[in-house]
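Protein chains in written order, with numbering that gives the first Met the number 0: chain A, 0 to 438; chain B, 0 to 438.
Certain hints may be false.
The list treats identical chains as one, so a pair stands whether inside a single copy or across any two.
To be verified - Think about it this way: if two alpha-carbon atoms lie no more than 35 Å apart in a straight line, the pair counts; the simulated DSBU-like pairs of lysine-lysine are:
| hint | residue 1 | residue 2 |
| --- | --- | --- |
| 1 | Lys160 | Lys20 |
| 2 | Lys374 | Lys297 |
| 3 | Lys27 | Lys160 |
| 4 | Lys67 | Lys359 |
Derived from the structure by calculation, the hints contain no laboratory data.
Computed from a predicted structure; not experimentally measured.
Number of protein chains: 2
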Amino acid sequence: MKSITFDYKNTCQINGSELDKVQKELPKEIERMNAARTSGYDSDYASINLPFDEELLKAVCARVKEKKSLSPTTLVVIGIGGSNLGTIAVLEALRGKFYNSDQEVKVYFVGTTDTDHVNDIAQITERELATGNNIILNVISKSGGTTETIANFEVLLEILKNHRPYNYHQFVVATTDENSALWDIARKEEFAVLTIPARVGGRYSVFSAVGLFPLCFLDIDIKKLVEGARSGCALSTQKNFTTNYAAISAALIAHHYRMGMIIHDTFLFSVALESLGAWYRQLSAESVGKAQTREGNKINVGLLPTISMGSTDLHSVAQLYLAGPNNRFTTFISVAHNASDLVLPTYSEFESVVPAIQGKSLQIIMNAILQGTEKAYAHDKRPFVVWEISEKSAYYIGQFMQIKMIEMMYLGFLLNVNPFDQPEVEKYKRETREILRLS
Amino acid sequence: MKSITFDYKNTCQINGSELDKVQKELPKEIERMNAARTSGYDSDYASINLPFDEELLKAVCARVKEKKSLSPTTLVVIGIGGSNLGTIAVLEALRGKFYNSDQEVKVYFVGTTDTDHVNDIAQITERELATGNNIILNVISKSGGTTETIANFEVLLEILKNHRPYNYHQFVVATTDENSALWDIARKEEFAVLTIPARVGGRYSVFSAVGLFPLCFLDIDIKKLVEGARSGCALSTQKNFTTNYAAISAALIAHHYRMGMIIHDTFLFSVALESLGAWYRQLSAESVGKAQTREGNKINVGLLPTISMGSTDLHSVAQLYLAGPNNRFTTFISVAHNASDLVLPTYSEFESVVPAIQGKSLQIIMNAILQGTEKAYAHDKRPFVVWEISEKSAYYIGQFMQIKMIEMMYLGFLLNVNPFDQPEVEKYKRETREILRLS
Chain A
0 MKSITFDYKN TCQINGSELD KVQKELPKEI ERMNAARTSG YDSDYASINL
50 PFDEELLKAV CARVKEKKSL SPTTLVVIGI GGSNLGTIAV LEALRGKFYN
100 SDQEVKVYFV GTTDTDHVND IAQITERELA TGNNIILNVI SKSGGTTETI
150 ANFEVLLEIL KNHRPYNYHQ FVVATTDENS ALWDIARKEE FAVLTIPARV
200 GGRYSVFSAV GLFPLCFLDI DIKKLVEGAR SGCALSTQKN FTTNYAAISA
250 ALIAHHYRMG MIIHDTFLFS VALESLGAWY RQLSAESVGK AQTREGNKIN
300 VGLLPTISMG STDLHSVAQL YLAGPNNRFT TFISVAHNAS DLVLPTYSEF
350 ESVVPAIQGK SLQIIMNAIL QGTEKAYAHD KRPFVVWEIS EKSAYYIGQF
400 MQIKMIEMMY LGFLLNVNPF DQPEVEKYKR ETREILRLS
Chain B
0 MKSITFDYKN TCQINGSELD KVQKELPKEI ERMNAARTSG YDSDYASINL
50 PFDEELLKAV CARVKEKKSL SPTTLVVIGI GGSNLGTIAV LEALRGKFYN
100 SDQEVKVYFV GTTDTDHVND IAQITERELA TGNNIILNVI SKSGGTTETI
150 ANFEVLLEIL KNHRPYNYHQ FVVATTDENS ALWDIARKEE FAVLTIPARV
200 GGRYSVFSAV GLFPLCFLDI DIKKLVEGAR SGCALSTQKN FTTNYAAISA
250 ALIAHHYRMG MIIHDTFLFS VALESLGAWY RQLSAESVGK AQTREGNKIN
300 VGLLPTISMG STDLHSVAQL YLAGPNNRFT TFISVAHNAS DLVLPTYSEF
350 ESVVPAIQGK SLQIIMNAIL QGTEKAYAHD KRPFVVWEIS EKSAYYIGQF
400 MQIKMIEMMY LGFLLNVNPF DQPEVEKYKR ETREILRLS
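Work out the full structure: start from the sequences and follow the hints.
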């Protein structure tokens, strides 16, 4: 199995010496990151140490074993944003869009407070409980006070209490910061509790209990996942730029942003990776969408992360992408080896419909479309880089996610913003609280 | 049931007289559109006449009846872009994300040539056929020569042929332009054929057989759907601007685009409407993402359509949206009446976790979050409009989609581009064909 590849020869807006210049800013940051590798969870870079935490793995596996002994048929993950995006990304990458089919334990994600959508899931849990099956509720909120999460948790907890009035507490796992309001209640109610290190932000928390508990519960090989993440960390903190893809990628995105490429499109040529795109969108938007520099000066950084799906969105947004202004930097992502290899029959009468595809595999056709798109981009001088993930396995998905999280830390540094906070989110939350108070 | 509402008081970048000026450009276009109402399918505006076509409804219903007489358990829709986005949008809006649960006939959509994803669906069809159940393949390609669609169709047709060697043709319905290459083959093979009027483009085709056949097959009330579309047409072609929301919305988007709002974010506060967003994204990108004006002058219009989901994406992109540059016009969309009305229990111990939500309904909480977000946008002078759809019913979804398609025609007119062609898409297709020829 060949390793992950990264190709940046088509970044038309940059030459070697310019790239060198951007990269010259990075060594100090790489040093700081390497120093953080030995300081546990006590730095902004805390999240990079999660995959090395053997105690964490043990604690998660123990909880999984304990809850699986109740023979549950259904896991309901209640969480939003950083509390579920990473988990869904890994799950879909490894199991595909139909991740519940043919699985003994089904999983449902409850994010926002959409009454009809939550009701669909409430009905499923109601039915399971009524027929004597067990369900596990994993409520996840870093702060412990996320409005949507607590609201949905209460609705589902009430159903659980109705059906299991004496031992409902056995079926709940709360994942939250130590001493949060949710943590207090969980302790009082005797729910199982898994904690998130204080300085690990939601968008960097996939390798904490936030992601590891539900993934392990669903029989994803979390040991391989964090093993991959460790290799991603090694690749991305090395001082040799030639193979430090996270650093090069960050340097390229930052450079092009300064040249007016204010949109960063992640264009994924694999259906199962769509949610990995959604995860990256949050990672980018919250990390480098900032109103102030590190020093507190007004800046309004506006790198807009968009997600496109190949080849689906070629039939949706390609017209705009190839006709509109040159204000977009593109990261193409594809998978080298898929699990299946469907081949077309040889129907000679179809040769006139679409030439040159008879008897070829779907993978060859997909690759041709990706390459055709790259050629069209190159011809139009629309800058892009190309990542190829070896396969959709726990190891390689873990590796890629860790590379992308470290890339984001470099990008924050290069754009001179703090990639670990999200101060503006308070704006709408404050307004919402006031409206709720009056309603 | 109150009708659809449209509120544009928070479009901070425009005043009454400026809006008047933009609107003054529109009356001639409205006249042309009204003239098109009587010219059948013989104009660029052809699609607006689809909902009035009684013959079409009859033909679709007859085909559905014929194929349902085979008692199929599964419908597989093979199509990409305009060939499936509208259908998925309507289906999810009416049935939610779990649209296959508790349904007698399941539906699967095969779009791109992702080998693992297509394999998942191939396995399902294989299993159904092997156990004696029937499936229907609905292959949809306007041009009749879409690479992905034909490739996937061949893979699935081969499975069908293996299991039903003598009468496989009975289980196929082809939807395409008259006399296309696919049409020829369908005729030869004795597949059922439904045609798309030549001048109805893919992104405007949801009310043609493209959308109506699969939707009717899945027991969606297509009569109500087109009835709603007819009312949307009437609302959107009226000369009275005060209630012609399509015209006002287009005027506002165009005006703000000229002021530098190059991103148009559609922010949907309803999980079931996510695919409606994806449908609108194509409608916008292909219609007004243009390299040339109507007169052939270079222009590179770059209105980027993005889709955000409330409240989910407040935990993902809100930080950027409230911190980044003021280059975005937002269209908020919500639903007035949902089917369910989940209410939180009153857990006094949770009052300290999230205040003021005990005993309230999820709908009230969702509304508070939407209003809180609007307040934060208004405070930051980020312009937006607000649509409220009465309910997620066939009638109101049909109405809304027709309003949005006509809005897009007005927008093309105001930006002086042709909203009906998509010339740049050929660029990557040409390259792809060449790569396939050599592979």
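Consistency of the hints with the structure:
1. When the C-alpha separation of Lys160 and Lys20 is checked against a cutoff of 35 Å, the pair qualifies neither within a copy, at 61 Å, nor between copies, at 61 Å.
2. Taking the closest pair of Cα atoms, Lys374 and Lys297 come within 35 Å of each other only across two copies (22 Å); inside a single copy the shortest separation is 39 Å, beyond that limit.
3. With identical chains, the CA atoms of Lys27 and Lys160 are never at most 35 Å apart, being 54 Å at best within one copy and 63 Å at best between copies.
4. For the homomeric pair Lys67 and Lys359, the shortest alpha-carbon distance between copies (33 Å) is at most 35 Å, but the shortest distance inside one copy (44 Å) is not.
Checked against the numbered hints given earlier, this structure breaks hints 1, 3; the rest are met.
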